[in-house]
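Trainee: Each chain, letter by letter, is given below.
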Amino acid sequence: MTAPTPHADVSAAPPRADAPLPSIEGRSRGDVVYHAVITGFALVVPLLLAAIALAIAIGGWPALRQFGFGFLTSSAWDPVNGQFGAAPAIYGTIVSSIIALVIATPMALGVSLFLSEFSPLWLRQPVGFLVDLLAAIPSVVYGLWGIFVLLPLLRDPVMPFLRDTLHLGATGFFSGPAYGPSMLAAGLILSVMVLPYIASVSREVLYAVPRSQREAALALGATRWEMIRHAVLPFARPGIAGGIILGLGRALGETMAVTMLIGNRHEIAMSLFAPGYTMASLIANEFSEASNDLHLSALMAVGFVLFVMTLIVNGIARWLVWQVARRASGSAA
Amino acid sequence: MSATVRPTQRQRAFAERAARTVRGRKAANVTMLTFLSIAALAATLPLLVILLHLVKLGASSLSWNFFTQMPKPVGESGGGLANGIAGTMILVGIGSAVGLPVGVGAGLYCAEQAKSRLAQVVRFLADVLNGLPSIVMGIFAWEILVRPLGHFSAFSGGIALGAMMIPMVARTTEEMVRTVPNTLREAALALGYARWRTSLQIVLRTASAGIVTGALVAIARIAGETAPLLFSAFGNQFWSTSLKQPIAALPLQIFSYAISPYDEWHSLAWAAALVLIALVLVISILARLATRARAGAGHGD
Amino acid sequence: MATDLTPRATYAVPARETAPGASPMRTRIAVQGLDAWFGQVHAVRGVSLDLLDRRVTAIIGPSGCGKSTFLRCLNRMHETVSGARATGHVLLDGREIYAPEVNPVSVRKHVGMVFQRPTPFPTMNIRENVAAGLRVMGDRKPSRGETEAIVEQALRRAALWDEVKDRLGASATGLSGGQQQRLCIARSLATSPEVLLLDEPTASLDPISSQKVEELVYELRKEITVVIVTHNMQQAARVSDVTNFFLNGELVEGGPTERIFTAPRDPRTESYLTGRFG
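Sequences listed follow chains U, L and A, in order.
Numbering-wise (our numbering), the first sequence opens with residue 1 and increments by one.
Numbering-wise (our numbering), the second sequence opens with residue 1 and increments by one.
Numbering-wise (our numbering), the third sequence opens with residue 1 and increments by one.
Warning: the hint list may mix true and false statements.
Said to hold, decoys possible - Subject to a maximum C-alpha distance of 25 Å in a straight line, what follows is the list of computed SDA-like cross-link-like pairs (lysine to any residue):
no.: 1; chain 1: A; residue 1: LYS141; chain 2: A; residue 2: GLN116
no.: 2; chain 1: L; residue 1: LYS115; chain 2: A; residue 2: ALA86
no.: 3; chain 1: L; residue 1: LYS115; chain 2: U; residue 2: HIS35
no.: 4; chain 1: L; residue 1: LYS26; chain 2: U; residue 2: PHE118
no.: 5; chain 1: L; residue 1: LYS115; chain 2: U; residue 2: PRO46
no.: 6; chain 1: L; residue 1: LYS26; chain 2: U; residue 2: ALA231
Source of the hints: derived by calculation from the structure; they are not laboratory data.
When you get a sec, could you build the whole thing from the sequences and use the hints?
Mentor: As structure tokens, then:
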């Protein structure tokens, strides 16, 4: 049937079967197995999240049931008498995160704007990389550095300076003894840890602003800064907001560095010099030594609150970033 | 060729006001730009400062002893963190054994079945998982492995780390597999490759450099994690490689030694931190170089 | 009214019907009533034609006329796109390739395909690329020694051997575009398919590489059945024995190339050939 012609040299070709098409059952068996395996692995992701949520919820349920909504508002924390309230931890989480954002955002925006508007192109990669590297440093190393470098620095001269020389002690936010471990210390270290996340998103968004926007502003006679303020930033605003919220999400969950620097005290104090607690550091500090089941359950309930809070914040961040992506694809640059 | 007109009083006043405004705007410009430059500098300083301290305070304790000796009782010098190093390696090994196959598989699924409902769900939930505080992973591992079995174990620590790896590796794998052009897949199919072979031997292989990079970055991240291990692996003063016993780990040791009152232990903590940072930095830099090389070279399309 | 469209050939083209060693006209692939859809889009409408053994069949037509879709139905590549389907009959040597018990993977081992853009496997060197199809031949897989010989022979048939024989271990992506395309042709030829489908193979190549590919297509017809889709009419005229003109998914006219180009019967064919559209 396939007699070679004088011109073809098929001697080296593998032998052909007589029938050109061997009958094989519809889909190769290999395909079925492969598809089953990767589908199974893909299913692990939602199952894992569900398992985590369930595990924490189940563990925290006894405490939540016992204390109800008051769990979130009570400041009592008495393992001996079975009284637990997460309010100081929640307060501390929010305050330390806000401090972190307040300090980190200008720095992150500063470096991102610097890279996108002023720096020579060859600087972009290295500087951007240096900033991103901050995210790679393990939390415990930040904590170590914080204990031996930041805390002594805060004790003397920074805190006294803020309290006495700048007279900020009068406001009540910077008053009290300056031992070192404090909300301020936690906020400071968090700001360094959160900086790369805000910077990275801001950088991407700023780079994506079309040249035409910038050139139009400059052509109208705007100064560099005015161009940034009126042409670039409005464009990038939702993305930057997304980056900030993303940083917030990270700050909420940071554990080790905060545990090592915040003083670990169940207390809601006005002064930033006072020690406090965050949800994550509370769990880290007390979990292994929880004295009874209710104590454990209370800690897991705190974990559940943290879990939900992080979900919401990260969800908002992603929605904002998604908005940016949508807008970018919608508008022709 | 118009003759120059002498400016009127009104025009002169206007020009003056305009000049003042321009001066103001220029001043504002300079101020803001200076502030931005300072902020930029401030943002790059922490990394350098921390690295400097690590080297200054940690390098002196780094010695052969550090890697081979067990921690000595307080007061004796010359101890090391051999158990922590071994423990970290074991925990990372368990974590990778779980996290890498599942992560790569999930990433492959999302890249190949990109439009399916499950792929969209997995993509979204992987991002959610990536954003969870790592202490939550620790609680999870404790609840499912430590509480029922009644004791801390290396295995539970490894599982906590592996669970963290899965969404990381899944996202990077999906990204990398998506960069493989569809024409390559078609060329393989047209040659008579079955779908599974195309995916594994052609697509995965083409994307392998990027996938390996992503895997290494994930490994670097979990190697430095402490919170998931606090109540799963728990830590161990002694040498142990058993999966069923608590096990030491470098990050755990850094934590407990840092908050201890002993200077020798502080030095050990700095040395351990230096080792950890060196590992993390080297991998991060290699990963970044690999990504840039790939972007430069292109895929030969 | 038919203008003389015989282009000036860049190489000597013997009158095809009297080419030495030309085998008798035998149908290799018989297409009967083929319809193909992308979702709701009816891309190929009721096409029936015969693809002759040891001949080059060209398929021409304006872009979007369904010629590539038709081609991809011949080796069951069309259905790899989600939402795509095809009905009708395609018989390879008398056997229906769309029969339910037939595995499309096996069809593609008999009907090879070369795409518009060269697609060498980037992680493999030249030798591995050419031998890539041999790895999936199951129990007919050749041994190591046989593989070397097959690789050499395939590269010779693809007119690439002289250029790469000293660097078979080099990465395939280091080759020029034209060389990469010939590599892809060699890769398809290595498994000795009965039919080779070429989907606009020179569309992304420079003129010199295009010419080399055309020459090798012309040589290949002595051994296998070639079907080439091209938007370049002159290329079809140079290279093919039979030409089919497609329009809007339908086969408008098909026949010996010389006749189609000098005396097309359908006015639409003539309009296309004289450049009034497409």
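Trainee: Are the hints correct? Go through all of them and say.
Mentor: Structure-based check of all given hints:
1. A/LYS141 to A/GLN116: 28 Å, violated
2. L/LYS115 to A/ALA86: Holds: L/LYS115 and A/ALA86 sit about 22 Å apart, inside 25 Å.
3. L/LYS115 to U/HIS35: 15 Å, holds
4. L/LYS26 to U/PHE118: Measuring from Cα to Cα gives roughly 16 Å; hence the hint holds.
5. L/LYS115 to U/PRO46: 17 Å, holds
6. L/LYS26 to U/ALA231: Given pair L/LYS26, U/ALA231 holds - Cα atoms ~17 Å apart, limit 25 Å.
The structure fails to meet hint 1 from the earlier list, while all remaining hints are met.
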